[in-house]
Amino acid sequence: MGQAWKFGDNIDTDQIIPSQYLVLPSIKDMARHTMEPQNPDFATQFKNGDIIVGEVNFGCGSSREQAPLVLKELGVRIIIALDFARIFFRNAINNGILPIEHECAKEISDKDDIVIDLKTGEIVNQTTQKTWYFNKIQGYLADILDAGGLAAYIASRKGKQT
Amino acid sequence: MNHHTLTEQILAQASGQSAIVPGDIVEASVNTAFIHDVFISGVVEEFSKLPHKKVFHPDRIALIADHEVPAVSEWAGECYKTMLRFAQSQKINRVHIAEGVCHQLIPEKGYVGPGMVLVGTDSHSTTHGALGAFATGIGTTEMAAVLATGKIWLKVPETINFELSGTLSQGVYAKDIVLSMLDILGAEGATYKAIEITGSAVQNLSISDRLTICNMGVEMGAKNAIFAPDQNTMDYIQTTGAEGAFITQVESLRYDQTIKMDLSQIKPMLAFPSGVDDIHTIDDAIGTEIHEAFIGSCTNGRYEDFVIACDILRGKKIPGHVRLIITPASMSIYRRLIQDGLALDFIDAGAMITNPGCGLCYGKHGGVLSKSDVAIASNNRNFPGRLGHKDSQVYLASPATVATSAVHGKIMDPRISF
Numbered sequence: 001m002g003q004a005w006k007f008g009d010n011i012d013t014d015q016i017i018p019s020q021y022l023v024l025p026s027i028k029d030m031a032r033h034t035m036e037p038q039n040p041d042f043a044t045q046f047k048n049g050d051i052i053v054g055e056v057n058f059g060c061g062s063s064r065e066q067a068p069l070v071l072k073e074l075g076v077r078i079i080i081a082l083d084f085a086r087i088f089f090r091n092a093i094n095n096g097i098l099p100i101e102h103e104c105a106k107e108i109s110d111k112d113d114i115v116i117d118l119k120t121g122e123i124v125n126q127t128t129q130k131t132w133y134f135n136k137i138q139g140y141l142a143d144i145l146d147a148g149g150l151a152a153y154i155a156s157r158k159g160k161q162t
Numbered sequence: 001m002n003h004h005t006l007t008e009q010i011l012a013q014a015s016g017q018s019a020i021v022p023g024d025i026v027e028a029s030v031n032t033a034f035i036h037d038v039f040i041s042g043v044v045e046e047f048s049k050l051p052h053k054k055v056f057h058p059d060r061i062a063l064i065a066d067h068e069v070p071a072v073s074e075w076a077g078e079c080y081k082t083m084l085r086f087a088q089s090q091k092i093n094r095v096h097i098a099e100g101v102c103h104q105l106i107p108e109k110g111y112v113g114p115g116m117v118l119v120g121t122d123s124h125s126t127t128h129g130a131l132g133a134f135a136t137g138i139g140t141t142e143m144a145a146v147l148a149t150g151k152i153w154l155k156v157p158e159t160i161n162f163e164l165s166g167t168l169s170q171g172v173y174a175k176d177i178v179l180s181m182l183d184i185l186g187a188e189g190a191t192y193k194a195i196e197i198t199g200s201a202v203q204n205l206s207i208s209d210r211l212t213i214c215n216m217g218v219e220m221g222a223k224n225a226i227f228a229p230d231q232n233t234m235d236y237i238q239t240t241g242a243e244g245a246f247i248t249q250v251e252s253l254r255y256d257q258t259i260k261m262d263l264s265q266i267k268p269m270l271a272f273p274s275g276v277d278d279i280h281t282i283d284d285a286i287g288t289e290i291h292e293a294f295i296g297s298c299t300n301g302r303y304e305d306f307v308i309a310c311d312i313l314r315g316k317k318i319p320g321h322v323r324l325i326i327t328p329a330s331m332s333i334y335r336r337l338i339q340d341g342l343a344l345d346f347i348d349a350g351a352m353i354t355n356p357g358c359g360l361c362y363g364k365h366g367g368v369l370s371k372s373d374v375a376i377a378s379n380n381r382n383f384p385g386r387l388g389h390k391d392s393q394v395y396l397a398s399p400a401t402v403a404t405s406a407v408h409g410k411i412m413d414p415r416i417s418f
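Chain order of the listed sequences is A and B.
With my numbering as the guide, the letters of the first sequence map in order to residues 1 to 162.
With my numbering as the guide, the letters of the second sequence map in order to residues 1 to 418.
Among the hints, erroneous ones may be present.
[Stated by the list, open to error] If you anchor each label on the Cβ, the simulated ranges turn out as follows:
| id | chain 1 | residue 1 | chain 2 | residue 2 | range |
| --- | --- | --- | --- | --- | --- |
| 1 | A | Asp110 | B | Lys316 | 45 to 53 Å |
| 2 | B | Gly166 | A | Glu122 | 49 to 57 Å |
| 3 | A | Gly139 | B | Asp235 | 39 to 47 Å |
| 4 | B | Asp235 | A | Lys47 | 58 to 66 Å |
[Claimed, not checked] Not close to chain B: a few residues of chain A, all C-beta gaps over 10 Å, as computed:
| id | residue |
| --- | --- |
| 5 | Gly2 |
| 6 | Lys6 |
| 7 | His33 |
| 8 | Asp41 |
| 9 | Asp50 |
| 10 | Gly75 |
| 11 | Arg77 |
| 12 | Leu98 |
| 13 | Asp117 |
| 14 | Lys136 |
Because the hints were derived from the structure by calculation, they are not lab data.
Using N, Cα and C, we set each Cβ at its ideal position, and we do this for glycine too.
Sequences are here, hints too, so could you generate the full structure?
Written out as structure tokens, the structure reads:
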């Protein structure tokens, strides 16, 4: 179970991690500035298991992979949005973060308590007692997520080939 | 009869399949992969974690330093070194440091041609669809995987067709076309879709125009944007030495949506602060005071753009409170501006000319905006903080609108210059 951190439309990668922090020596250092333009307290208050909820076009803008990486560093494993910008969607999967596209994003408010069951595809908003189901990612993409990301998946596949 | 869209044709060919439909996941072979300086360290680090010791094909990889040139931090200098070390160890010869923006160099150097699959670690990689390629941006982990395997997983997109007819009025340009497209689709209207530009007006669009339009495809959320190769394309790639498999546009394509646009109806357009899809005609902003004007970037930093701007600025002086920044997209463009006398005209008008590269569009150098600054710029993004302080205001416009506004110290209709 985790708390929802609710954001609006068109949260671009400059909002997730502003470009001036890309020069910092590590993802750990960058992560301290995650979502800073939106919420300066985000990085210090986000708890492992909390869930980010966006609306339209989450992750638009630059292809910078530091965006999902700083989120992952803080413990983000799932993001729910009405829809995702394409590059961010891919980068999230490639780094083992599950992007869930679902209409329920409209009905989740900041600080709602959310429970997600990855086996059944159930999303429960315990604050409002509403339940939804999402279509689980299948096939090749599911294999990447199961492996923990694209690098791990390719390494495992190479191992099988040789 | 073949009903495949251009994007479907290319992806079918690249994945060795005869028939694919939108929604299919394919593994496509990559013809060109490029990495820029900001992401080189991440790519090299991820590549080092993979069991592959060598890249799939050194001659299909380009490494380009363009974002932080000259180095604006010690980190940037280290990125150049990483790039050069990786190039040397992997025998990659396509290395360009401080020669210009990746999206200008890729076509100039002949690294892209019709029918190719191209990926780059930059969201504006959609630019290269102008030459009839499938071109899209990817992240660092994905690029490491491409370097290792030469392949990429892609979801076959549905296609939105913009069918262009008519002729642009004087003072209206390709940037106004793409801003009009954004007005129709919004910032997410083409998410995970291809944009294919067709119609009788296409033959009158130069390669420079097409690069501008495809460049901003990603601002509509598009996976890629593409023009069918025609005589203009073939003439261009003959000068660059690019290879390419000719692909043809066919009738009865299964477009998800067709949007007809009459170019004669388009006015000079602006994207208002702070959203690429907050689109207005010039009339809504006339008289807005500006502090900075920027002409450059991978969207509008080409020679043709500077000719248009220079024709407006020549013999005039910009007001003292305005900073006009000119950033050529490549060294060859810069050289031409000098040879043809345009550089001197810009300087005489009061402009600053910077070295070729991403410049201000990267938001860390080359004219960074302060808190209360209002700017008009020819680049592709105006998110809060994109060009400097998060409270600065940026209007996106064509080079003609930027130049006209710079001369007057306030946003003005470029048509008054003709």
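Each hint tested on the structure:
1. A:Asp110 with B:Lys316: 45 to 53 Å: holds (52 Å)
2. B:Gly166 with A:Glu122: 49 to 57 Å: holds (53 Å)
3. A:Gly139 with B:Asp235: 39 to 47 Å: At 43 Å between Cβs, range holds.
4. B:Asp235 with A:Lys47: 58 to 66 Å: holds (59 Å)
5. Gly2: Gly2 (chain A) is indeed farther than 10 Å from all Cβ atoms of chain B, at 25 Å.
6. Lys6: Answer for Lys6 (chain A): holds, closest chain B Cβ roughly 18 Å.
7. His33: holds (12 Å)
8. Asp41: holds (17 Å)
9. Asp50: At about 23 Å from chain B, Asp50 (chain A) clears the 10 Å cut-off, so the statement holds.
10. Gly75: holds (19 Å)
11. Arg77: holds (17 Å)
12. Leu98: holds (16 Å)
13. Asp117: It holds; Asp117 (chain A) is separated from chain B by about 25 Å at its closest Cβ, greater than 10 Å.
14. Lys136: Holds: least Cβ distance 15 Å, greater than 10 Å.
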